[in-house]
Amino acid sequence: MSTPLIGVSKSILKIKELINHVANTCLNVLITGETGVGKEVVAQNLYAESARSTKNFVKINCAALPETLLESELFGFEKGAFTGAHKKRPGKFQTADKGVLFLDEIGDMPMALQSKMLHVLQSGEFSPLGSDQEFRTDVWVIAATNHNLEQSIHKKTFREDLFYRLNIIKIDVPPLRERKEDIPSLLEYYYRLYRSEYPDNHGSKPDSEIVAKLCNYPWPGNVRQLQNCIKKQMILNSWAKIIEDLPHEYSETIPQIETDSRLKDASSLKRNEFDDDRTAIISKFVDLSTSSDKLFEDISLKKIKKLASDRVEKEVIMFVLEKLGWNRSRAAKILKISYKTLLYKMNEFEIFPPVK
Amino acid sequence: MANPNRLLIVDDNEDILSTFYEFFNSMGYEVKTAVDGFAALKLMRDKSNFFDCLITDLVMPNISGVGLISIVKKEYPHLKIIAMTGYGDQPGALASEAAADIVLFKPIDLFKIENTVSELINQANNNKKN
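Respectively, the protein sequence lines represent chains P and X. Everything in the first sequence is counted per the numbering used here, starting at 2 for the first residue and increasing by one. Everything in the second sequence is counted per the numbering used here, starting at 6 for the first residue and increasing by one.
Read the hints as simulated data drawn from the structure, not as lab findings. You may find that some hints are simply not true.
Claimed, not checked - Computed from the model, here is a short list of chain X residues facing chain P with C-beta under 7 Å:
1) Leu46
2) Leu48
3) Ser69
4) Val71
5) Gly72
6) Ser75
7) Ile76
8) Gln95
9) Pro96
10) Ile107
Even for Gly, the Cβ is constructed at its ideal location relative to N, Cα and C.
The shape of chain X in the complex, shown without the other chains (with noise of 0.2 Å):
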């Protein structure tokens, strides 16, 4: 199998998280997981231009997910980033504000996001080509 597709995905609810973790796992990709945005930034700078892919919640403790993308976005341009709210509107669209790529509400339809993942990371990979 050519090399697989690596995500970080970060939310403080761990239920989500292993969730996310068993059914990206099942679906071939190389899955890395963050409880809060600190952890997940010290995981992105420890290996970095390592992720294809992040999938943040955006309500969190320390760094949220608004916090996370914007950092994530000034020093991982390339970076393709799935925000999830199931708060209303406010952290929504400050995600959009943040450049995220695209911001998805809770309940979150696992295919569909998976769907998302891989056309996310196909556009980049095109955009790398061209």
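Only chain P is shown next, with the shape it has when bound in the complex (with noise of 0.2 Å):
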């Protein structure tokens, strides 16, 4: 029984839009989007208005696996054919046959078996391996990835050829983040559905000042982050201790695949980089988990300068002694200070030769 497709924004419409009139095309399709935002769900949804619904729908996580675990999966084996096989098996193409073949995190595919996947779906045709015998399949293929395949083509980690094949129909389905209006929704549809499922559970509906907040949460891990934040809330029956859990670490986390909606936020993304920098450098010298009352009452800056310039000028000695190979004398040449002022360093800041 398959998920629908939960949403009212216009980036869900069209989705929903577009399935309908290419499900019963059975057009190779290509599925992008963030961890946990549905992709697996648009492919059932695919296969359930296709013609092919009363037929398989196989699924295989092209990450999971192994390279020669995945290709046994795919094609399938003969007896005997490598240690361990011990029967025939029939592979995934063989049994999504007049069915559908999802191919989860297909980015991650190693390039060799990239190439025979190439050749099933050109030819039909493939073989189980120990086997000379050439089967033939109708198989629709629809896959998924978060990566970005143009950028993985150009580090040449995936076929240019492939990728025309499988992106004939290309869907993306937005981070969660950028369609907050279908956070409602989706809090409605899992309520209901965990309510029924777990009949004892202590779970309340999320008031509007709840819902805000969670419509203000970035949701890294998307649909299925919520999704698990409602199941838990069944069980605590307290959704301000959830939201307290949920990983703060993201003031505004970066989509990792490209949309169209980026350029838009090109400012707010620039803006983002430096956030990030700035938090970079001076978690260094601060603690920043502590909470901003207890953080502004250590801070100083005549402290925090000394743990800067100190930490500086250790990581710059040991540079020059590891590129003299730890000559002593020599580097304080270099570093334009008298030998006995680094020897003094050296013990300050704890500086000894690697052990051999």
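Using the hints, put the two chains back together into the complex; each one sits in its own frame.
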């Protein structure tokens, strides 16, 4: 039974419409989007609305298996084809015949397998491992990835010809933070679902203040993360606790996938980079995990300056020493300090040569 | 003037779209445009059998040109299709597989493409008569 695609945002409505128009064409689909955003749900909806809904929906995660295992899963094998092959086993290409093969995380598929995959897509034929026989298969391939495959092609980790063959229809699912208006409907859906699944639960529906807080959170794990929170709430019955527990390292997370809307947000992205750099530098000398009050009590510019300059001196001394094979007299000359001073600083900063 | 020939031009580059629109309009065609495969498909399904020829770019968001061509060939088999590509062989090869009538490489010579369009439509009309 497939999960419906939930949401009222323009992007979700457009995806529903697209699914409606293309489900019956059985053209290869590539679904992109961050982790937990709903790529598999889109795949299942495509399947459900197509003429293949009575046949198998076969799923395989290309990132979860080592290359050899992935190959044997996809193509199957003959008895004795390799150690451990005790009996013949059909591959996913066979069990998905006339149905759907959902290739999750295709961006992680090794190059050698990509070539084999391309051959099947082009010819409709494949051979199980350890067999010379060629089998025909009629499979509707739906692939999903959270990588930017165009970039992967540039980095030579993904084949361009395979990409174009998979990318006949492209559905991008935007991250939850870019469609906050979907959060209330998702809350409603999962609340109802878990209330019936766990009738003894103590969960309560969030009030409008909580909903507002939830809408403002960036949800790096997207719908899956939200779903898990709702489940937890059913048990703990405290929305306040759930919100408190949410990881807050993200002031505004930068999405992994390039989407057109990013062009509009270019200025906010720039701000993010500076925020991250600033936090990176400060956190070395200041404990940022304490509350604001304590932080302001403890902070002193003089103290931070000393910590910072000591740290820089230590790193520079080590850098030069390593380059010179730990020859201290030469290092002192390079650093333009007296040998005595170098020894003093090495003692103060606890700089010791590596033990052989 | 006899019934003007009706074109649907699809390209995600708006400059190309407007250039083609102006050009074919001035040559006496009735032209409709779409910025991606999805918009084009909706237009076609809205007005079934309205168009004589489809000119489409290949690399586009949502429904790619290749996807559009595959769908159109199945649903409107008599429609003539010209595919345009600027991305090297890959999409072009797929377009041929999807049975586009002609694949042209960018940059497109406008007069050449107009020639191609009128040839294809004449061919289609002759086939209809026979």
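message: Interface hint check: Ile107(X), Cβ to nearest Cβ on chain P, cutoff 7 Å. Holds or violated?
response: violated, 19 Å
- prompt: Would the stated hint for Gln95(X) survive a check requiring a Cβ distance to chain P of less than 7 Å?
  reply: holds, 4 Å
message: For the restraint on Val71(X), tell me whether the closest CB of chain P is nearer than 7 Å.
response: Check passed: Cβ of Val71(X) comes within 5 Å of chain P, closer than 7 Å.
field: Hint check: 7 Å Cβ-Cβ cutoff, Leu46(X) to chain P
entry: holds, 6 Å
query: Does Leu48(X) pass the interface hint, meaning its C-beta sits closer than 7 Å to a C-beta of chain P?
result: violated, 12 Å
- prompt: Would the hint on Gly72(X) stand, with a C-beta cut-off of 7 Å toward chain P?
  reply: holds, 4 Å
query: Can the hint on Ser75(X) be confirmed by a CB-to-CB distance to chain P that is less than 7 Å?
result: holds, 6 Å
message: Is the interface hint satisfied for Ile76(X)? The criterion is a beta-carbon contact with chain P at less than 7 Å.
response: holds, 5 Å
- prompt: Can the hint on Ser69(X) be confirmed by a CB-to-CB distance to chain P that is less than 7 Å?
  reply: Holds, about 6 Å.
message: Would the hint on Pro96(X) be counted as holding, given a Cβ-Cβ threshold of 7 Å to chain P?
response: Since the shortest Cβ distance to chain P is 5 Å, the answer is holds.
Violated hints, listed in ascending order, are 2, 10; each of the other numbered hints is respected by the structure.
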